[in-house]
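**Student:** Line by line, the protein sequences are chains L and X.
The first sequence maps to residues 1 to 313 in the working numbering.
The second sequence maps to residues 314 to 741 in the working numbering.
It is worth saying that the hints were derived from the structure and are not from the lab.
As the structure is a computational prediction, the values presented were derived from the model and not from experiment.
Fair warning: there could be bad hints in the mix.
[As the list claims (entries may be wrong)] Keeping only pairs whose Cα atoms sit at most 20 Å apart, straight-line, the calculated SDA-like set for lysine to any residue is:
hint, chain 1, residue 1, chain 2, residue 2
1, L, 180, L, 16
2, X, 710, L, 120
3, X, 581, L, 201
4, L, 6, X, 582
5, X, 596, L, 120
6, L, 231, X, 710
[Stated by the list, open to error] Derived coverage of chain L by chain X (criterion: at least 3 residues anywhere in the stretch with Cβ under 8 Å from a Cβ of chain X; other residues may be distant):
hint, region
7, 89-101
8, 120-134
9, 213-220
For every residue, glycine included, the Cβ atom is placed at its ideal position computed from N, Cα and C.
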Amino acid sequence: MKFKRKDVLGLEELTAEEITLILDTAEPMKEIMSRDIKKVPTLRGRSVITLFYEPSTRTRSSFELAAKYLGADTSSIAIATSSVQKGESLRDTARTLEAMAADVIIIRHSAAGAPHLLARWVKARVINAGDGAHEHPTQALLDMFTIREKKGGFKGLKVAILGDITHSRVARSNIWGLTKMGAEVRVVGPATLIPPEIERLGVKAYYDWEEGLKDVDVINVLRIQLERQKKGLFPSIREYTKLYGLDQQKLQVAKPDVLVLHPGPVNRGIEISPDVQDGPHAVINEQVTNGVAVRMALLYLLMAGGEKDELSA
Amino acid sequence: MNYLLKEGIVVDPVSNSAKKLDILIEGSKITAVAENLDCRGLEVLHLKGCYIFPGFVDMHCHLREPGEELKETILTGTRAAVKGGFTAVACMGNTKPPADSSSVITLIKEKARQASFPVYPVGCATKEMAGNEPAEIGDLVEAGAVAISDDGNSIMNGEVLRRVMEYGKMFDIPIISHCEDTNLSGNGVMNEGFYSTLLGLQGIPNAAEEVHVARDLILAGLTGARLHIAHVSTAGSVALIREAKKRGIRVTAEVTPHHLCLTDEAVKSFDTNTKVKPPLRSKEDQEALYEGLRDGTIDAIATDHAPHRRDEKETEYNVAPFGISGLETAVPLVWEHLVESKLLSPVELAQKMAWNPARILGLPERLIEVGAEANITVIDPSLQQPVNVGEFVSLGKNSPFDGWVLRGWPVMTIVSGEIKYSRQLQNI
Numbered sequence: 001m002k003f004k005r006k007d008v009l010g011l012e013e014l015t016a017e018e019i020t021l022i023l024d025t026a027e028p029m030k031e032i033m034s035r036d037i038k039k040v041p042t043l044r045g046r047s048v049i050t051l052f053y054e055p056s057t058r059t060r061s062s063f064e065l066a067a068k069y070l071g072a073d074t075s076s077i078a079i080a081t082s083s084v085q086k087g088e089s090l091r092d093t094a095r096t097l098e099a100m101a102a103d104v105i106i107i108r109h110s111a112a113g114a115p116h117l118l119a120r121w122v123k124a125r126v127i128n129a130g131d132g133a134h135e136h137p138t139q140a141l142l143d144m145f146t147i148r149e150k151k152g153g154f155k156g157l158k159v160a161i162l163g164d165i166t167h168s169r170v171a172r173s174n175i176w177g178l179t180k181m182g183a184e185v186r187v188v189g190p191a192t193l194i195p196p197e198i199e200r201l202g203v204k205a206y207y208d209w210e211e212g213l214k215d216v217d218v219i220n221v222l223r224i225q226l227e228r229q230k231k232g233l234f235p236s237i238r239e240y241t242k243l244y245g246l247d248q249q250k251l252q253v254a255k256p257d258v259l260v261l262h263p264g265p266v267n268r269g270i271e272i273s274p275d276v277q278d279g280p281h282a283v284i285n286e287q288v289t290n291g292v293a294v295r296m297a298l299l300y301l302l303m304a305g306g307e308k309d310e311l312s313a
Numbered sequence: 314m315n316y317l318l319k320e321g322i323v324v325d326p327v328s329n330s331a332k333k334l335d336i337l338i339e340g341s342k343i344t345a346v347a348e349n350l351d352c353r354g355l356e357v358l359h360l361k362g363c364y365i366f367p368g369f370v371d372m373h374c375h376l377r378e379p380g381e382e383l384k385e386t387i388l389t390g391t392r393a394a395v396k397g398g399f400t401a402v403a404c405m406g407n408t409k410p411p412a413d414s415s416s417v418i419t420l421i422k423e424k425a426r427q428a429s430f431p432v433y434p435v436g437c438a439t440k441e442m443a444g445n446e447p448a449e450i451g452d453l454v455e456a457g458a459v460a461i462s463d464d465g466n467s468i469m470n471g472e473v474l475r476r477v478m479e480y481g482k483m484f485d486i487p488i489i490s491h492c493e494d495t496n497l498s499g500n501g502v503m504n505e506g507f508y509s510t511l512l513g514l515q516g517i518p519n520a521a522e523e524v525h526v527a528r529d530l531i532l533a534g535l536t537g538a539r540l541h542i543a544h545v546s547t548a549g550s551v552a553l554i555r556e557a558k559k560r561g562i563r564v565t566a567e568v569t570p571h572h573l574c575l576t577d578e579a580v581k582s583f584d585t586n587t588k589v590k591p592p593l594r595s596k597e598d599q600e601a602l603y604e605g606l607r608d609g610t611i612d613a614i615a616t617d618h619a620p621h622r623r624d625e626k627e628t629e630y631n632v633a634p635f636g637i638s639g640l641e642t643a644v645p646l647v648w649e650h651l652v653e654s655k656l657l658s659p660v661e662l663a664q665k666m667a668w669n670p671a672r673i674l675g676l677p678e679r680l681i682e683v684g685a686e687a688n689i690t691v692i693d694p695s696l697q698q699p700v701n702v703g704e705f706v707s708l709g710k711n712s713p714f715d716g717w718v719l720r721g722w723p724v725m726t727i728v729s730g731e732i733k734y735s736r737q738l739q740n741i
């Protein structure tokens, strides 16, 4: 099977077969990462630009390393979101990057839909590295890669996404991807942070952690944006941690071999207790490794079209 | 110039009839309406198969002048109106500077005179549209304002609105209310519901509108003022207005073509031309709007024509300004989606787009009878063509309807006897 898309904007539009292809392709990529010389010439001569309108450490370096391991040239542009309204418009930036002959543009933006607009405006391939609260497809793919590696598959797996669902692109992409692969997805969080009609996406919503986490195989803990408290979406960090922070007590209701994921960066001791974060169930650092592998897979599929022999050069 | 409109179907909102008649126009007046008028020696315009309506009035548009002439001017906006089948428009006062003084109203009237098209300005309800102190309403009305409104700047302070209503009622003008509790709407950019959840865009709940509709209806009851609710978008608002009308509150209401023809599902494309306030709502809300139109709860269809520059809309959904350029698509949208589908009869269309808006604003009556001013909109129900924003006369090309194939386009617009637009003559 070849990967035929121009862009990867979200998991909403990917089929189960395409997701499987990406995850399968990430496996040999992970092997490349374990080599002493982590470089293959597959994408030599290709240019990859990261265009980040939001601060990011891990996602951007993950994409850049993924491109470099495959031999591509990378360039990064960081634009402070605060200057968007005064600075160059996204439309004009698109024209500029097009003129520089970029092959792939990886964009992160605080506005939902920005990658979709960019993809319409440029001939370059566009990968969404997170758009507002909409989608973060590569995060969900790396979460799914991690889950598959540890659990062997998705069918019948109970996955809880815990925290601020309303503002989370990680939650939405995970919901699309996991439900397509046959997992049973729940979202768990306070009523103020679970958006209306979320259950129409094929998930069950819980306000009560005990019900929501009962017998789950995986808990994906979301980062809580501390500024949400100021907007009155929860009364205090203390109460949030008490009701929804994942600690040993809450972990007890899940399956004994529960897997704990977190997209990072972690607010230590707030959405997850230090002992759980550093404990045996958590796979947070492996997620980071898998992130590079999954992004290598995507770049490879998009640019080399998925012809396996090109890898062995 | 004297001429005869031959064999069109004349729609009369008062006698509730639509029949084939000839119309003689002499100067600015209608001088004869009858079957088979003698046409010897007259210029004859054959309108067989077309509907002849009393001139449509758009009671809610934004002409942007003074201040934002790159979006629209009174000249381009009124030409768009004429091409869209309108014989008069009322323009909102959120210009720069706002129409909170008689000098701005006078300027608008003068620019309209130069464009030779009847523009009825809406004055601001409060100074600088800031929602704190009443504007000089008496002076605004004397200069030509036909209504007052702070339009997009919802008057959040109930006490201020109460005084505006009390003071305004002395001049027998409607207070037009854009109902939005800005705390509840916050930074929302679309309807709150399944699609905002899907897209991760911040939602505006129905309650943001309904809370203010309820408050405004109560204050209209308290003050006895004439309240007009702009661009009703939710089922709850329709129910509140219906109930208030039953109680005898002096309230009227309008709905836009885009709320009648689109739902929030359209935002899925991230097309910023779907970004509008109030936001495109759910299918259930749309059904309630149809019902409100049918049972008379909603009196008028108004465009809320809000032209923006292309580059302002060619941007991220969060950043783009709210608004749809609507003057040139209103008539065929309503014809295709409401008249062709039998939700509205041609007579009801005449009530919603001509008779009622003129009555609410206190404009000359929209009638086709001997002695009446010849303000006429002609629609060809068989003319089917796609919307092409590239051909818009309006400077605002921001339409989510580009490419929609519609029937029922306006083919002739007559203002005070003068043929301002004719599709055959292509004089625009």
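**Student:** Please go over all the hints and tell whether each is borne out by the structure.
**Tutor:** Hint check results:
1. 180/L - 16/L: Since the Cα atoms of residue 180/L and residue 16/L sit roughly 6 Å apart, the hinted pair holds (cutoff 20 Å).
2. 710/X - 120/L: Since the Cα atoms of residue 710/X and residue 120/L sit roughly 19 Å apart, the hinted pair holds (cutoff 20 Å).
3. 581/X - 201/L: Cα-Cα ~15 Å, so holds.
4. 6/L - 582/X: 17 Å, holds
5. 596/X - 120/L: 28 Å, violated
6. 231/L - 710/X: With a Cα-Cα distance of about 37 Å, the restraint between residue 231/L and residue 710/X is violated, given a limit of 20 Å.
7. 89-101: Answer holds; 3 residues pass the 8 Å Cβ test.
8. 120-134: Contact hint for the region 120-134 of chain L vs chain X: holds, 4 residues under 8 Å.
9. 213-220: violated (count 0)
Checked against the numbered hints above, the structure breaks hints 5, 6 and 9 and satisfies the rest.
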